[in-house]
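**Q** Sequence:
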Amino acid sequence: MAVDEVLLNEVAQARSAPVLRLYRWQPAAVSLGYAQRGERQVNFEACRRHGIDVVRRLTGGRAVLHQREMTYAVITRENVPPFSSSILDNYRLIADALLSAYTGLEVQCTLEPRRRRTEYVREASNVCFAAPSSYEIVRNGRKLTGSAQKRQGGAFLQHGSLPLEMDLDLLWEILSPAEVDPESKKKGRRVLEESVDWINRLRSEPASELQVEEALIHSFADCLPIGLKEDCLREHEWARARNLASAKYAKNGG
Numbered sequence: 006m007a008v009d010e011v012l013l014n015e016v017a018q019a020r021s022a023p024v025l026r027l028y029r030w031q032p033a034a035v036s037l038g039y040a041q042r043g044e045r046q047v048n049f050e051a052c053r054r055h056g057i058d059v060v061r062r063l064t065g066g067r068a069v070l071h072q073r074e075m076t077y078a079v080i081t082r083e084n085v086p087p088f089s090s091s092i093l094d095n096y097r098l099i100a101d102a103l104l105s106a107y108t109g110l111e112v113q114c115t116l117e118p119r120r121r122r123t124e125y126v127r128e129a130s131n132v133c134f135a136a137p138s139s140y141e142i143v144r145n146g147r148k149l150t151g152s153a154q155k156r157q158g159g160a161f162l163q164h165g166s167l168p169l170e171m172d173l174d175l176l177w178e179i180l181s182p183a184e185v186d187p188e189s190k191k192k193g194r195r196v197l198e199e200s201v202d203w204i205n206r207l208r209s210e211p212a213s214e215l216q217v218e219e220a221l222i223h224s225f226a227d228c229l230p231i232g233l234k235e236d237c238l239r240e241h242e243w244a245r246a247r248n249l250a251s252a253k254y255a256k257n258g259g
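Going letter by letter, the sequence shown gives residues 6 to 259 in our numbering.
It should be emphasised that the hints constitute simulated quantities derived from the structure, not laboratory data.
Remember, it's a predicted structure, so these values are computed and weren't measured experimentally.
It is possible that some hints are incorrect.
Subject to a maximum C-alpha distance of 25 angstroms in a straight line, what follows is the list of computed SDA-like cross-link-like pairs (lysine to any residue) [unchecked claim]:
| no. | residue 1 | residue 2 |
| --- | --- | --- |
| 1 | K155 | K234 |
| 2 | K191 | A212 |
| 3 | K191 | K253 |
| 4 | K155 | V60 |
| 5 | K155 | K191 |
| 6 | K155 | Q18 |
| 7 | K192 | V143 |
| 8 | K155 | N205 |
| 9 | K253 | N145 |
| 10 | K155 | R20 |
| 11 | K192 | E170 |
| 12 | K234 | Y96 |
| 13 | K191 | R144 |
| 14 | K234 | V85 |
| 15 | K155 | A244 |
| 16 | K155 | P118 |
The whole structure should be built from the sequences, with the hints applied where relevant.
**A** This is how it looks when you write it as structure tokens:
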């Protein structure tokens, strides 16, 4: 999360070209939206019991469990074509690339401008994949990707999670308040089952993290009129990220 923030600052100050960053989490972690607070958002005891870290993102939205998944981050200035100052247009451009990646992974899904939900249960509202948003990638009404965006100084960061596997029982245990009554727990768990999906449940053979990474690289290169060049952080960027990680992101969820 600290690296994402550093890269956003670098791009906003025109010290870096646009960035496509792909990464995974070790150990598994929950990332909270910047406005989420306390035990109403995540069960800290359950996270400790399962060895799951908790960190706060610089973007908004709801909690995401990063376990067997790939996280992407797109960081660019708004005036760099094909991107613009329109939040929804930028969401759509990135969603098109994500949809192409799923197609490359032989996962058939569709892009919906706005998710239609027949039932949205309060007890599941902490969970990003159970929450409606714009330009969602879905399969049979179930959401496949959770994304969030942050704008700063004429630039924006959008990052999101593409799960390869998902343990719904674990997800519900760590992202539901400890004091939820049993009936609400059952109801919320059912909403998750009806709301989310993941890559390897939709493939005949499981995909690896490397396959997802390669699919994303190819899809962004094909869908956006940009050239991609492999790069790494500079020493001053690593130093700023380490300072941010220590001073901000390592403090009990940021």
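**Q** All the hints need checking, so say for each whether the structure fits it.
**A** Results of checking the hints against the structure:
1. K155 with K234: holds (24 angstroms)
2. K191 with A212: Violated, because 31 angstroms separates the two Cα atoms, which is more than 25 angstroms.
3. K191 with K253: violated (36 angstroms)
4. K155 with V60: Distance of about 16 angstroms is within 25 angstroms: holds.
5. K155 with K191: Violated, because 34 angstroms separates the two Cα atoms, which is more than 25 angstroms.
6. K155 with Q18: Holds, because 15 angstroms separates the two Cα atoms, which is no more than 25 angstroms.
7. K192 with V143: holds (22 angstroms)
8. K155 with N205: Since the Cα atoms of K155 and N205 sit roughly 29 angstroms apart, the hinted pair is violated (cutoff 25 angstroms).
9. K253 with N145: violated (39 angstroms)
10. K155 with R20: holds (18 angstroms)
11. K192 with E170: Holds. K192 to E170 sits at ~22 angstroms (cutoff 25 angstroms).
12. K234 with Y96: Within the cut-off at roughly 23 angstroms; holds.
13. K191 with R144: holds (23 angstroms)
14. K234 with V85: holds (17 angstroms)
15. K155 with A244: holds (22 angstroms)
16. K155 with P118: holds (20 angstroms)
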